[in-house]
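S.K.: Dock chain P with the ligand against the given chain L, drawing on the hints supplied.
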Amino acid sequence: MTVQMKVESPTGINPMIRHRSGHIGSSLPRREDRSPLLGRRRYVADLKLPGMLEVAFVRSPEAHALIRSIDTGPALALPGVHAVYTAADLAEVGSFPHTIQYIRPVDQRPLAEDRVRYVGSPYAAVVAADRYTAEDAAALVSASTEFETLPAVAVLDQALAEDAPRLYDSWPDNRLVDFPAEKPEVTKAFEEADHTFTETYVSQRQTGLPLECRGVVAEDVDGQLTVWSSTQSPHIVRTTIAMMLGIPEPQVRVILPAMGGGFGAKTHQYPEDIVLAWIARKLGRPVRWIEDRFENLVSTVHARDQRHDVEVAYDDDGTIRAVRCAAYCDVGSGEIFMPGTATVFVTAGCITGGYDFPNMEVRPVCVVTNKTPSGAYRGFGTPEGMFVMERIIDRVARLTGADRVELRRRMILQEDQMPYIMHSGGKVDSGSHAKGFERAAALIEQSLARAKARYADDPDVRVGVGYNNYVEPTTPTYHLTTGHWAGYDSATIRVDPDGAVRVALGNTDLGQGAETTAAQLAAEALGVDPDDVTVVMGDTDRAPYGLGAWGSRGAVVMTGSVLMAADRVLVKAREIAAHMLEASSDDVVLADGGFHVAGSGTPKVSWAKVATAAWARTVDLPEGMEPGLEMSGYFEPPDLEHLPGADGKVNAAATWSNGAHAGVVSVRISTGEIRIEDYAVVHDCGTMINPMLIDGQVHGAVAQGIAGAMYEHFQYDPETAQPRFASFMEYLYPTCSEVPEMTVEHFETPAPEQPLGVKGCGEGGTIGPPAVITGAVSDALADLGVDITATPVTPAAVRRAIREAAARGAAS
Amino acid sequence: MKPAAFDYCRPASIDEAAAALASSDSAKVLAGGQSLVPSMNFRISQPSLLVDIRDVEGLDGLEVDQDGVSIGASVTQSRVMNSDEAYSAVPGLRRALRFVGHLQIRNRGTVCGSLAHADPAAELPALAMAAGARLTVRGPQGERTAAADGFYLGPYWTGLEQSEIITGVCFPAEAPGTVTVVDEIARRSGDFAVVGLAAAFDLEDGSVGGARLVSFGVSGRPQRLAAAEEAVRGFHAGAAGDGLYGAAYEDAADAVGDIHASGEYRREALGSLLVRTARAVSASNGGKAGAR
Ligand SMILES: Cc1cc2nc3c(=O)[nH]c(=O)nc-3n(C[C@H](O)[C@H](O)[C@H](O)COP(=O)(O)OP(=O)(O)OC[C@H]3O[C@@H](n4cnc5c(N)ncnc54)[C@H](O)[C@@H]3O)c2cc1C
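Chains L and P supply the protein sequences, listed in that same order.
Each number in the working numbering comes from the position in the first sequence (counting from 1) with 533 added on.
Each number in the working numbering comes from the position in the second sequence (counting from 1) with 1024 added on.
This is chain P alone, in the form it adopts within the complex:
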């Protein structure tokens, strides 16, 4: 359980970091190390060079304004979770982060690291899609932005090039009338989800006008639930859940089975989780529905 040999650098500027990353095909960004280091210890990942971005100037910002919450690449999950300003602008962040690992992990793990790592069962990528977050990416050719929705291609696979760094992410402020919630079923508290749901519901008079629904832990990547987004329109607390359940079940047709649960379980549980969540949100009519 020791990593293969590697080089390590800790640049102070984003230009240096970008150059270092571009210097080798197997260089990798090191952020909180909570996913990368374990995979190196298993020698699943054998980077030749680690580019530690902790000291890079300008990446440690956590800014909250009327547009939303901007999170720099070296900002830890704990810092975001503990920020009351971030919570009032984008309540979904805290609601997602309480499911991410344990305190010790969130104290080191970064929000952008989780978005880059793209674990199919991770909460933050799904939330980023549901909330309409945008990533800022720096590469050899300069800076670009990318919507989280569309960024996730498969397990641990994103639209990021090897030589690119996510410098930050911006979660737009939750609009009035919108409720963003995250819920999941995990084998134990703090585990990656066996079945998870990140959802932004637009509520109109106690019923759902529209929603962006994203599953995680169900298939190989966080996934928009197209049929369920249709079926949920007009849903209210007293509505029968069968149609919505069935739509989510269909959306999850490519659910995967593993040692924790079968694909069939994931489809069923996703449907139940969605109905349960939609009921709770419409019943509370836009209050603090997400808070448990």
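Next comes chain L alone, as it looks inside the complex:
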């Protein structure tokens, strides 16, 4: 189903709000920066309510076990403890909804009921006077719980085995979803091709890792429940709480005060939101829970734990004829809403990236294991897929002697192919794929030469280069991800009596600068100064229903909804102004902060005068006009499909950004140490609203991509599924010393179907680095026979690859 809706004014005055005052495209400083830099921003953890109690969750130390009994007595006896709740107390609370029909049902209770399926799973909640006491009591509950340990499923192969222990007794196996794919044209290409090879590419378990962990404060006053939560989607949290607690939605208000990063991890509906809301009502006192870093590492969703079994058909001249890929995602226990199934579908859909490559057959499979549930993380399946595709291209180049750049040139999407329909139905609406790659390749060629010169005298150091050409699906549907919500977002614009503008958005800000961007858009649309625009978001009582921030959608949905609402405001304002000017509204234009008759600059009617008439001096309104100056826009992005067609294909994103990454590394053979010598990004997200903010998105996302390429890795004991991490001693994010300076350049190819030609830009930077770094390390060590097939590439992994290549060489 496609909803076609463009931002067209009913009166046709829309051209008035296009690129007039120059706010679009200007690097306006971030209005969000002042308070965090001064330490004054208020996060959930800064809230102190009178009489507030602390909640600590008791989390499973077992990877897989039945809960035989819980004795809450010792904890309740501790002074300062107000209550201890287990699943039995929450019997009246519903389960998390099961909304996606094609995946197996996971009956997830807010607290684990009789079985725990991962270390960190919450199964009891302690309420106490302070967090110290709460943790003392949680330790007592833990010590008084009797588990019956079940065999744990720790690794993918084990989970897939016929005789594997089952996580869910009612399932025939451990597959949450399995979508077999078969394409006759792929089968044919395999029959015809000169050669084939098989390989397995693995990307490791990571997480979004926001600086601010999750946190919830809940309070119920006279049946009115307020929940402050560090969530990317406050309205969705409200709907979920109301649904599960069985209370009318207007009686629930969810507020995101400010957010210190989300990166997808905070899009999910977590048990803690529900349990805190329930406790606040039960006790009649405000309660709070602030996730600590250990909890964050074990109980906020993980991501990217994928294995790709690949078969490639290619010809002597380097032509890649077809690829078959079984993409397995280890989604952990699967106990999370929304479920973690969608990412591997995105891998399947976007694996061909910026290449014209139709003969792709991908079978997405989600497998449950006794690990933390996995879900969203910036990039959402794309980095995993791009890593596979670029490794395949490099391997074919190596096997056939083709030049790596030349091979990519042969495959890359050309402008005259736009719109290009991908193998999966993705409609790449426009882009600068070919020229972006040429530019990135040129930039990095110089870096490569410099690096080679730098290490010319050191025989222990090798230098290599890696490439990636990606497409970034932006402004996607939520329907395939949640089975419930879809793709629109909203804005309500009110011009107050003094002429100042208030914009309320269904979108939220996680730190990207959405407030600044929204102010630029409204200022542009209404011909006012951005400083005269107040932006409100993240509060279900103050902002219209909307789906929040995820999927690189903010720029597109804010542009659409703000322009729609502004347009409606303008229509009315112009009528009021025309009445005051005693002119026909068709003759009235908006310029320099006021309305006047076209062709004559004076007299001028200001926004303040118009708005004062609308709200206060209604005697000045045209005869019979309804008072007020507040309008909403609910923007459904054009081109966005929410469900696959009969052929299984779907354009699940409204518009597609693109980028080329290239990087140079040096590798020390004797120790495996890797240094990123240079990194270049040529980026295209259509019309840029605020180029500085876009650069910031690219920088941060590339850093997270490097994290995935070289550092961050959740490791579990392969027998017991016990986590081998508890802190940042084990989970290593890159610091500023590890992230290199990078060159970022932009092309601006407008989205043909989207308002102002805007595309999304939040995730693209994460996509390139795993492909680029593994490509560059493999290139550096090519004459040793090294070809990296897994991330992260650590010094130890490099040494192992060198040893294995040497052993292969000796054996052959």
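In short, the hints are calculated from the structure, not lab data.
The beta carbon of each residue, even a glycine, is placed where N, CA and C say it ideally should be.
Warning: the hint list may mix true and false statements.
[As the list claims (entries may be wrong)] Mimicking DSSO-like on lysine-lysine, the simulated pairs with C-alpha atoms at most 30 Å apart in a straight line are:
1. L/K815 with L/K581
2. L/K581 with P/K1052
3. P/K1026 with L/K815
4. L/K1182 with L/K716
5. L/K721 with L/K1142
6. P/K1052 with P/K1026
[To be verified] Label-pair restraints from in silico Cβ distances:
7. P/R1212 with L/D990: 33 to 43 Å
8. L/D690 with P/G1262: 47 to 57 Å
9. L/L611 with P/M1025: 29 to 39 Å
10. P/S1213 with L/D991: 17 to 27 Å
11. L/S1270 with P/D1089: 34 to 44 Å
12. P/R1078 with L/H1232: 34 to 44 Å
13. P/H1126 with L/A1179: 57 to 67 Å
14. P/A1277 with L/G627: 57 to 67 Å
15. L/D990 with P/H1126: 30 to 40 Å
16. L/D991 with P/D1031: 35 to 45 Å
17. P/N1131 with L/G627: 47 to 57 Å
18. L/R987 with P/A1277: 33 to 43 Å
M.R.: Showing chain P with the ligand alone in chain L's frame:
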């Protein structure tokens, strides 16, 4: 992530501190808190009493004379790192300390705290062994001294009794002709070493006369590399590194694997690190070889 309940005292004299520490089996010294407090927050460590030694009189001395550098128990890592006198007497100190955590950690963490904590991947215990440092220890029975070499028994395990306090450490001045260096491979800057080497080379005319070589981060404790110390004799900048590499590889036979690297990686990388270091030191012939 909150510690279990504990008592806290902040004595002014070493006698009081020693008495307080002896008053309970699970009392612990609190110095900079950079290792102890995190382990308490994880409840791995649940001391009943913390004896904060920051105010204890006589423990805050940093003295440099011709014999060497004496560092009291409350002296921070930053203070030592920033002392030019300490650097000229014992250059290895600054060379080790630049690898220890980050600025903020060194501003609180103490040198003696690191020596007492005995993290197998810590730089300072290995340096203390290579440089021949001696610890001064105060216990219920009075004061004793102990050589750093021999003090380290296993992970977080030393020859210190629960009721003993390290009051200070003395690093002997680097002898003429000796070059002390510390180098390591860590996953990120500021991390504990995955593989580390503290080495004191005695140089004679551009070749190595002898050396005290200590690995850290490789096995369960800082470890003298006996075979490599033999193999390094006579090593010079142009020498083939294979013998030295092989000796270090053998010395590290009990290297441990963890999530950051396998034991095999640690053995290989230690050998490479040693050869690389020995080459650089002999090439510079006793100059500022350790400074990168
Ligand atoms: C993020 C981070 C990174 C770090 N990176 C490194 C690194 O790369 N390399 C490294 O070596 N260290 C590192 N550290 C540890 C740091 O160096 C610690 O400061 C040091 O190990 C302990 O010193 P402290 O003074 O903080 O001791 P504390 O934490 O106060 O005490 C540590 C232990 O030693 C005992 N103790 C302390 N002083 C004495 C004494 N005088 N007598 C007897 N017992 C005593 C305590 O009882 C406790 O058991 C890091 C720490 C952090 C938090």
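S.K.: Taking the hints in turn, state whether each one holds.
M.R.: Hint check:
1. L/K815 with L/K581: holds (20 Å)
2. L/K581 with P/K1052: violated (34 Å)
3. P/K1026 with L/K815: holds (26 Å)
4. L/K1182 with L/K716: holds (13 Å)
5. L/K721 with L/K1142: violated (71 Å)
6. P/K1052 with P/K1026: Holds - the C-alpha atoms of P/K1026 and P/K1052 are around 18 Å apart, at most 30 Å.
7. P/R1212 with L/D990: 33 to 43 Å: Violated - the Cβ-Cβ distance for P/R1212 and L/D990, about 27 Å, lies outside 33 to 43 Å.
8. L/D690 with P/G1262: 47 to 57 Å: At roughly 50 Å between Cβ atoms, P/G1262 and L/D690 fall inside 47 to 57 Å, so the hint holds.
9. L/L611 with P/M1025: 29 to 39 Å: violated (18 Å)
10. P/S1213 with L/D991: 17 to 27 Å: holds (21 Å)
11. L/S1270 with P/D1089: 34 to 44 Å: holds (36 Å)
12. P/R1078 with L/H1232: 34 to 44 Å: Holds - the Cβ-Cβ distance for P/R1078 and L/H1232, about 41 Å, lies within 34 to 44 Å.
13. P/H1126 with L/A1179: 57 to 67 Å: At roughly 58 Å between Cβ atoms, L/A1179 and P/H1126 fall inside 57 to 67 Å, so the hint holds.
14. P/A1277 with L/G627: 57 to 67 Å: Check passed, 59 Å falls within 57 to 67 Å.
15. L/D990 with P/H1126: 30 to 40 Å: holds (32 Å)
16. L/D991 with P/D1031: 35 to 45 Å: This hint is violated: roughly 56 Å between Cβ atoms.
17. P/N1131 with L/G627: 47 to 57 Å: holds (51 Å)
18. L/R987 with P/A1277: 33 to 43 Å: holds (36 Å)
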